[in-house]
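Visitor: Build the full structure now, drawing on both the sequences and the hints.
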Amino acid sequence: LITPFVMALEFHGSDNLRMRLVLSTLTGIPIRVKGIREDEMERPGLSPAEVGLLRLLEKVTDGTKIEINETGTSLRFRPGILVGSPPYEGPMVHDCSVADRTMTYFAEVLLMLAPFVRSPLQVVLRGSSEGKREDITVDSLMNIGVPLLRKLTGVDVALQLVRRGMFPKGGGEIKLVTKNVLTIAGFKAIDLVEPGRVKRIRGVAFSSRVSPMFVNTMVDVTRGVLNDFTADVYIYTDHEKGKRGSDEPGFGMTLVAESDSHCLVGADCTSTPPAKDPEEVAKSCLNLFLEEISYGGCVDTSFQGLLILMMALAEEDISRARIGRLSTHSVSLLRDIRQFTGVMFKIRPDRKTETVLLSCVGSRLGNVAKVRF
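Residue numbers (this note's numbering): 4 to 376.
If you're looking for bench data, these hints aren't it; they were derived computationally from the structure. Built from N, CA and C at the ideal position, the CB exists for glycine as well. Careful, some of the hints might be misleading.
[As the list claims (entries may be wrong)] The calculated DMTMM-like cross-link candidates involving lysine to aspartate or glutamate, where the alpha carbons are at most 20 Å apart (straight line), are:
hint, residue 1, residue 2
1, Lys279, Glu137
2, Lys62, Glu137
3, Lys286, Asp241
4, Lys202, Glu261
[Claimed, not checked] Pair by pair, the computed Cβ-Cβ distance ranges are:
hint, residue 1, residue 2, range
5, Asn183, Thr74, 25 to 35 Å
6, Met216, Gly345, 48 to 58 Å
7, Ile187, Gly227, 49 to 59 Å
8, Glu45, Asp194, 40 to 50 Å
9, Tyr237, Arg341, 14 to 24 Å
10, Leu360, Tyr237, 14 to 24 Å
11, Arg212, Lys355, 48 to 58 Å
12, Tyr91, Arg200, 11 to 21 Å
13, Tyr237, Gln163, 12 to 22 Å
14, Asp353, Thr233, 34 to 44 Å
15, Glu43, Glu70, 46 to 56 Å
16, Asp103, Lys244, 42 to 52 Å
17, Asp194, Arg338, 46 to 56 Å
18, Ile187, Asp235, 47 to 57 Å
Guide: Next comes the structure, spelled out in structure tokens:
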């Protein structure tokens with residue numbers, strides 16, 4: 004049953020719009036958003052990425068209704084049923100090149116929706132794969148986000164990088180495929196409180212349309228620091244040229260640490276201005292990486308949202324998780340989750356480890372799209 008617009012939740016401004024659209028789609032509760040960048044003179048209203056996200060949500064749902072006013076500062080969103088990709092019709096293609104964000108901005112949303120669709124997803128995204136500071140790299144999503152979702156829900160998701168594309172020209176392509184979906188029963192409560200000790204470090208140094216020496220420089224700088232902590236360090240190099248190369252020159256690095264309790268923590272950095280030196284990019288990535296490890300959480304800051312969302316949607320039992328530092332984005336998400344689902348989180352600082360323990364009783368959101376009448 005879709006709630007009518009008169010019962011829609013109302014919000015003001017563009018903050019956390021992406022997660023509010025995700026929550027609306029999952030719960031079936033319509034939203035009305037006013038005052039979207041209404042004070043900005045140059046580009047008021049919805050951004051190209053937000054418009055592209057709305058179009059993507061239209062593609063993976065059936066019956067979704069979207070109303071945007073002439074200035075783009077007001078939005079009405081009434082979600083339909085999550086149908087996923089139509090079977091026997093091949094992968095669904097979505098063009099992200101007109102957006103002002105990278106493909107991971109859209110892929111993260113698909114990852115959150117993937118367990119709850121009627122038919123398994125087969126989606127091809129085309130656009131920029133890296134190059135925006137506010138977006139994670141495809142390698143981070145592949146090596147941290149996908150395994151985390153699989154661990155939390157049991158849904159088998161695969162993300163393939165077909166071609167890199169640095170922002171803004173892009174030219175990249177990724178493919179997201181799910182092999183199974185949840186049943187109406189949902190998934191079990193989450194217990195993720197033991198971060199463990201780092202046992203291995205993996206990474207990817209990538210470049211396109213620049214000297215191949217750039218990736219070697221980033222690897223040398225990184226290994227020069229990390230080898231003092233552990234011997235099990237391996238960083239792959241990915242230098243793309245010719246037709247597989249990006250339309251825009253660029254380079255970057257992703258680092259991932261795996262603990263003895265199978266927790267994954269990582270960080271990434273790309274050659275967005277003003278960083279133009281591969282050594283500078285490697286040092287920036289190292290600083291972010293070591294900082295994330297020092298927080299002592301079971302997930303890094305970039306994937307707190309995915310963890311918190313799945314805790315709220317798990318079965319009606321106590322879910323627990325340890326995070327290092329509660330980000331402002333996560334605080335806003337906790338408030339939104341309470342509005343959409345009624346789930347309240349208990350937040351308890353652990354002064355001994357300087358971490359934060361989150362716990363809640365899930366709302367048991369099963370795959371309602373699988374229901375037959």
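Visitor: Each hint needs a verdict: does it hold in this structure or not?
Guide: Here is what the structure says about each hint:
no.	hint	result
1	Lys279 x Glu137	holds, 18 Å
2	Lys62 x Glu137	violated, 25 Å
3	Lys286 x Asp241	holds, 18 Å
4	Lys202 x Glu261	holds, 6 Å
5	Asn183 x Thr74: 25 to 35 Å	violated, 43 Å
6	Met216 x Gly345: 48 to 58 Å	holds, 55 Å
7	Ile187 x Gly227: 49 to 59 Å	holds, 53 Å
8	Glu45 x Asp194: 40 to 50 Å	holds, 48 Å
9	Tyr237 x Arg341: 14 to 24 Å	violated, 42 Å
10	Leu360 x Tyr237: 14 to 24 Å	violated, 33 Å
11	Arg212 x Lys355: 48 to 58 Å	holds, 49 Å
12	Tyr91 x Arg200: 11 to 21 Å	violated, 48 Å
13	Tyr237 x Gln163: 12 to 22 Å	holds, 21 Å
14	Asp353 x Thr233: 34 to 44 Å	violated, 25 Å
15	Glu43 x Glu70: 46 to 56 Å	violated, 21 Å
16	Asp103 x Lys244: 42 to 52 Å	violated, 27 Å
17	Asp194 x Arg338: 46 to 56 Å	violated, 24 Å
18	Ile187 x Asp235: 47 to 57 Å	violated, 42 Å
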